[in-house]
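Visitor: The residues making up each chain are set out below.
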Amino acid sequence: MYALVVDLARWLTSGSQWTGPDGIGHRLAEHLQYSLLATLIAAAIGLPVGLLIGHTGRGAFLAINLASFGRALPTVGLVVLVFLAGGLSMLPVYVALVALAVPAIVTNTHAGMTAVDPDVKDAARGQGMRGHQVLFKVELPLALPLIMTGLRLALIQVVATATIAAYVSFGGLGRYVFDGLAQRDLVQVLGGAVLVAVVAIVLDVVLSTLQRVFALPHQRSGARRSAPTGTA
Amino acid sequence: MTIDWSWIGEHIGELASLTLSHLEAAMTAVLLGLVLSLPLAVLAHRVRPLRGFLLGASNVLFTIPSIAVFVLLLPVSGLTRTTTVIGLTVYTLVVLLRNTVEGLESVPARTKEAARAMGTRPLRTLLAVEFPLALPVIMAGVRIATVMSISLVSVATYIGDGGLGQLFTDGFQRDFPTPVIAGVVLTLLLAVVADAVLVAVEYALTPWRRSRA
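Residue numbers (numbering that gives the first Met the number 0), protein chains in the order written: chain A, 0 to 231; chain B, 0 to 212.
Just chain A, same shape as in the assembly (with noise of 0.2 Å):
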C-alpha cells in the first residue's frame, strides 16, 4: 500500500508524464474542453426551458420529472447506445454528457424561478412592467443563485463523467484510466482517477466562491445586519 502511494507520487509529479501528446497537460485540456463545451450546450438548451418553465408556470410536472429521470439515465449504456448508433465521432459523448447536464440545470433554474415571492412578481406588474421584463429584470437576478448552483452541480457531473470519452477511443482524463485497466497498471489508473478527483474538486470550489463574490448583495450571508435600514 504503501509502495502504492509512493509509485503514484512519482507518476504525477514526473516531468515527462505532464508533456507530449499523452502528458498530463494535454490530457488535462482535453478534459477541460469537452466538459466544459459540453456544459455551454447543455445551459444553452436547460436555461431557456427552466425559465420559461418557471415563468409561465406551466410545465411544472416536467422540470421535476426531468430530474429524477437525469438521475436514473446509466450514462454509460446512453454513450455506448449512441456510438453503436452513429459510429466513431465524439458526438455519443457530447449527447450523453448534454443529456447528463440539462435536467440538473431545468430543474435549478426552476426552483429558483419558483421561489421568487410572488408579491414581488404582482409589485413588478403593478409598476406597469411586461412580462419580459418581469422575467429579466425580477425573476432573473433573483433566481440567479440557484440557477448557478444548477450550473455549478451540471459541470462537476460533466466534468466527473467525461471519464467515458476515453473509453470509445477518445482523449481527455479516462484515457489513464482505461489504458491502466487495459495494462493492469494501477498506478496509471489510480493516478487518472486522482486527478479527475482533483480537477472536480477545484472546479467546485472555484465556482462556489465566484457564487459568493458575484451574489447580490441581499443574498450574501450576514449581508442583512450591514444593510442599510428604512433608506425611504
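Calculated from the structure, these hints are not laboratory results.
Every residue gets a Cβ at the ideal spot worked out from N, C-alpha and C, and that includes glycine.
A hint or two may mislead.
[Said to hold, decoys possible] Chain A regions said to be covered by chain B (calculated; three or more residues, Cβ under 8 Å):
#1 63 to 76
#2 156 to 166
#3 192 to 200
Chain B: place on chain A using the hints.
Guide: Then chain B, alone, in the frame of chain A:
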C-alpha cells in the same frame, strides 16, 4: 438500429439475473448508507460544530467521480462486489446524511418539549417522536439515493461488476446494440419501480399524514 428480439428471448434468464444482481448492489448500498447516516445525522444534529464538518465531508466525497471512487478502492477490496457496494454507499451518504439532518431539524421544538414534559426519555423521544416526524424528509433522501444508485451501478462494469452495466460493455465490444438497449430500458424500469415501492413504503409508514390529505 434495430432490436434483435430473438436475442432478448434467448437471454431472458440472464437479463433477469443481471437485473437482480443490479438491484441487490443498489439496495445494499442504500441500506448501508442509511445505517451509517442515521447515527451520524443524530450526531450532526446534536453537536453543532460537527454538523458543518460532516455535511462538508460528504459533499467533498460526492464531488469525486464514481469511476475514480471504484478505482481508488481497487487496492483495498479488488475487483469484487464489495468495491461496488462501498463506492455506491459513499454516494448515498451525501443525500441521506443531508436529508436526515434536515428532517431532524424540521421537528418542531414544541413537540420535543411536549414529549419531555410527558416524561419521555431522550432515546425514546428520538425513536418514537423525532424519527417518525422526520420520516418524510428522510424518505425523500432515500428515494433520491436509490434512483441514483441504480443508475450508478452500471459504472462498476469497468471494474468487472455492474449488474446490467455488463450489457453495455458486452454490446460495445461486439458492436451489437440490443443488449445495450435492453440494459438502458431495464435500468430505467428498475428505477421507476423502486421509486414507486418507496412511495408505497412511505405511505404505509406514515398513517398519521393520511387524514390530512
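Visitor: So, for every hint listed, does it hold in this structure?
Guide: Do the hints match the structure? See the list:
no., hint, verdict
1, 63 to 76, "holds (count 9)"
2, 156 to 166, "holds (count 6)"
3, 192 to 200, "holds (count 6)"
Going down the numbered hints, you'll see the structure goes against none, and every one checks out.
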